[in-house]
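J.: Which chain is which? The protein sequence lines are A and B, in order.
The opening position of the first sequence corresponds to residue 1 in this note's numbering, with each subsequent residue numbered one higher.
The opening position of the second sequence corresponds to residue 1001 in this note's numbering, with each subsequent residue numbered one higher.
These are calculated hints, taken from the structure and not from any lab test.
Given the structure is predicted, the values throughout are model-derived calculations rather than measurements.
Please note: incorrect hints may appear among the correct ones.
What the hints assert, rightly or not - Listed below are several chain A residues computed to face chain B (Cβ distance under 8 angstroms; list not exhaustive):
#, residue
1, 48
2, 80
3, 85
4, 86
5, 92
6, 100
7, 117
8, 119
9, 148
10, 149
11, 178
12, 180
13, 184
14, 187
15, 193
Claimed, not checked - Calculated lysine to any residue pairs in the SDA-like style (CA-CA distance at most 25 angstroms, straight line):
#, chain 1, residue 1, chain 2, residue 2
16, A, 71, A, 56
17, B, 1355, A, 120
18, B, 1288, B, 1103
19, A, 120, B, 1060
20, A, 120, B, 1127
21, A, 71, B, 1306
22, B, 1355, B, 1183
23, A, 41, B, 1127
24, B, 1300, B, 1192
25, A, 192, B, 1332
26, A, 143, A, 197
27, A, 192, B, 1102
28, A, 102, B, 1064
29, B, 1260, A, 115
30, A, 192, A, 115
31, B, 1194, B, 1102
32, A, 102, B, 1243
33, B, 1243, A, 52
34, A, 192, B, 1308
35, A, 197, B, 1243
No residue lacks a Cβ here, since even glycine has one placed at the ideal position from N, Cα and C.
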Amino acid sequence: MSSDTKVTTEAKPAAKPAAKPAAKPAAKPAEKPVELPEFEKNISDKIVEKFGDKIVVSFVKENRVGINVDKENVHDVARFIRDELNYDHVESVSGVDYPQDKEIEVVYHIGSYSDSSLAKQLLVLATRAQREENPIPGKDATKLPTLRDIFYSVEFHEREVFEMFGVYFTGHPDNRRLLLPEDWADLPPLRKDFAIKGR
Amino acid sequence: MTAELPPGLAIQKVDERIMTLNVGPQHPGSGHMRIIVQIDGDYIVACDPDPGYVHRGEEKMAEYRNYITNIPHLERPVIHDSCNVLYPYVLGVEELLGIEVPERAKYVRVICSELNRCIYIMYWLAIYGIFLGHSTMFMWPAGDRELLIDLMEKISGARVTHAHFVPGGVRNDLPPNFEEVCLRQVNYFEKRIKEYAAVFYDNPILISRTENTGVLSREDAIRLGTTGSVLRASGVDYDLRIKEPYDVYEELDVHSPVMKEGDSYARSKIPWLDMLESCNIIKQALQKMPKSGSVRVKLKPNPKGKGFDSVYKRVESGRGSLGCHIVSDGKVEPYRLKLSVPSFRNLIALPYLLKGEKLGNMPSVYWSLNYWPVEADR
């Protein structure tokens, strides 16, 4: 999920402290062939094989596979993840505001209870919506397709992202506020331009 | 006309037979939240949970404070389970920095985390008992909880909000002679909670009120993405201490309780069995813990330098899997911090379980979800 999307595949070296102290320019070529965790690499390969250049693998590390996808394809990718790869529930949906890119990222952490080989794994599916300077939640261009028809468990999470970031999920059956008061008329509070007083 | 209204605010036409009832937010049976139930006679036809009355913006606050000053306020969502709330955050920061924690600190963390799990469950059990009208089950856990609170006070100096976990280990080493005192107290505690079976869990009144109410099938528990005791009461064997062991859980022998009934009774019994298992883990950890050594490493500047990085860590808390998603931009404050809390994830099961239940069963179903309103709101 680094902001520059040119990095396609990177993994954490297992022995971090040992690799680091070496002088930077000399150590660069030696650091390159990092061992990617095999099981995780396998999962990301399956998705790449199916969707090709529609997706970007943002990272492959131990127990976590990160996939970036644009909003047109997020629905298809999620369906593939559920039907072919046996992931069955969403643990967490977090919004991340990037005013510098004029985008808001929504990150789904998808796990599996029914497939025991995937018990440790989380698939990190990230997609981005356009960000408006003066948001009118629900009525501006900040929209994403909902994943609620694929993963039922996102229902309350998506409602939370809608009120906190103003990302409207088209197709969500219940886009009401959840945590904020009904008469909240300010900016969506977790956006970066909503500042806390005195800080 | 409906096109004018903001999404989700369209006026609903309700049947004349149906009465809408607001339970909460002041009603003690709902905790700090409102449950809007629609009843037909005595039966609930629809239920709409309305959390948010104790929303404190923990995630927003975290973006304005550095990684160390975030510690005391991040444990506020569940002060009774404060070590487990901090645990994923601390693990996440350690992964971002790439630091390895001393062996002894890992054991101290596991002991603190298990003690806190028991402290939380005892508090929950007291509330569960009093809402079923069983006042003995309010007094006993509230009293026996003090044993473990005293232990945590010896470790951290504070009775409930410990702020004991820090990135790189724990704040202080254990006090001298702690192992002996801890073993004695935990042994007594274990003997004591076993007595609860006779007075509460084998009580025919409790069984008749909770058996076969609010049944959640295995498929639905998975589909709704529930976690912790709710999930394990429905027959899914999923405990992060076993499935994705963190710190030293790999070296300990953990047996997580599972039941397959999926009703209120099973959901209320799983936490109690969890406590017995916690006592077991604490005793093992006390035995295997290195007798001396450092408990905290010094933090160093981030070796990766500036640039965006993210991490998602999760632990098994007293209520279920608790995750922390940290997005860092290399500065001293997190760029974004998201707590994925089990109470919020289990809340989705409430409308589902209450549909078709009698209104009188609402407290037993609601509290059996092991739900903590303050945590769900963050």
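J.: When the nearest CB of chain B is found for residue 193 of chain A, is that gap smaller than 8 angstroms?
T.: violated (12 angstroms)
J.: Does residue 48 of chain A hold up as a contact with chain B if the rule is Cβ-Cβ below 8 angstroms?
T.: violated (20 angstroms)
J.: Straight-line Cα separation of residue 71 of chain A and residue 56 of chain A no greater than 25 angstroms?
T.: Given that 25 angstroms is the threshold and the Cα spacing comes to 13 angstroms, the pair holds.
J.: Does residue 180 of chain A pass the interface check with chain B, least Cβ-Cβ distance below 8 angstroms?
T.: holds (6 angstroms)
J.: Checking one constraint from the list: CA of residue 192 of chain A to CA of residue 1102 of chain B, max 25 angstroms. Satisfied?
T.: Violated, because 37 angstroms separates the two Cα atoms, which is more than 25 angstroms.
J.: Can the restraint linking residue 120 of chain A and residue 1127 of chain B be considered satisfied, given a maximum Cα separation of 25 angstroms?
T.: Violated, at roughly 33 angstroms.
J.: Min Cβ distance, residue 149 of chain A to chain B: is it shorter than 8 angstroms?
T.: Given a least distance of 12 angstroms, the restraint on residue 149 of chain A is violated.
J.: For a C-alpha distance cap of 25 angstroms, please report whether residue 1355 of chain B and residue 120 of chain A respect it.
T.: Given pair residue 1355 of chain B, residue 120 of chain A is violated - Cα atoms ~33 angstroms apart, limit 25 angstroms.
J.: Does the alpha-carbon distance linking residue 197 of chain A and residue 1243 of chain B stay inside the 25 angstroms limit?
T.: violated (43 angstroms)
J.: Against chain B, with CB atoms and a cut of 8 angstroms, does the hint on residue 85 of chain A hold up?
T.: This interface hint is violated because 15 angstroms lies over the 8 angstroms limit.
J.: Would the hint on residue 187 of chain A stand, with a C-beta cut-off of 8 angstroms toward chain B?
T.: Hint on residue 187 of chain A: violated, closest Cβ of chain B at ~12 angstroms, above 8 angstroms.
J.: Double-check residue 92 of chain A for me: the hint is only fine if its C-beta lies closer than 8 angstroms to a C-beta in chain B.
T.: holds (3 angstroms)
The earlier numbered hints that this structure contradicts are 1, 2, 3, 4, 6, 7, 9, 10, 13, 14, 15, 17, 19, 20, 21, 22, 23, 24, 26, 27, 30, 31, 32, 33 and 35.
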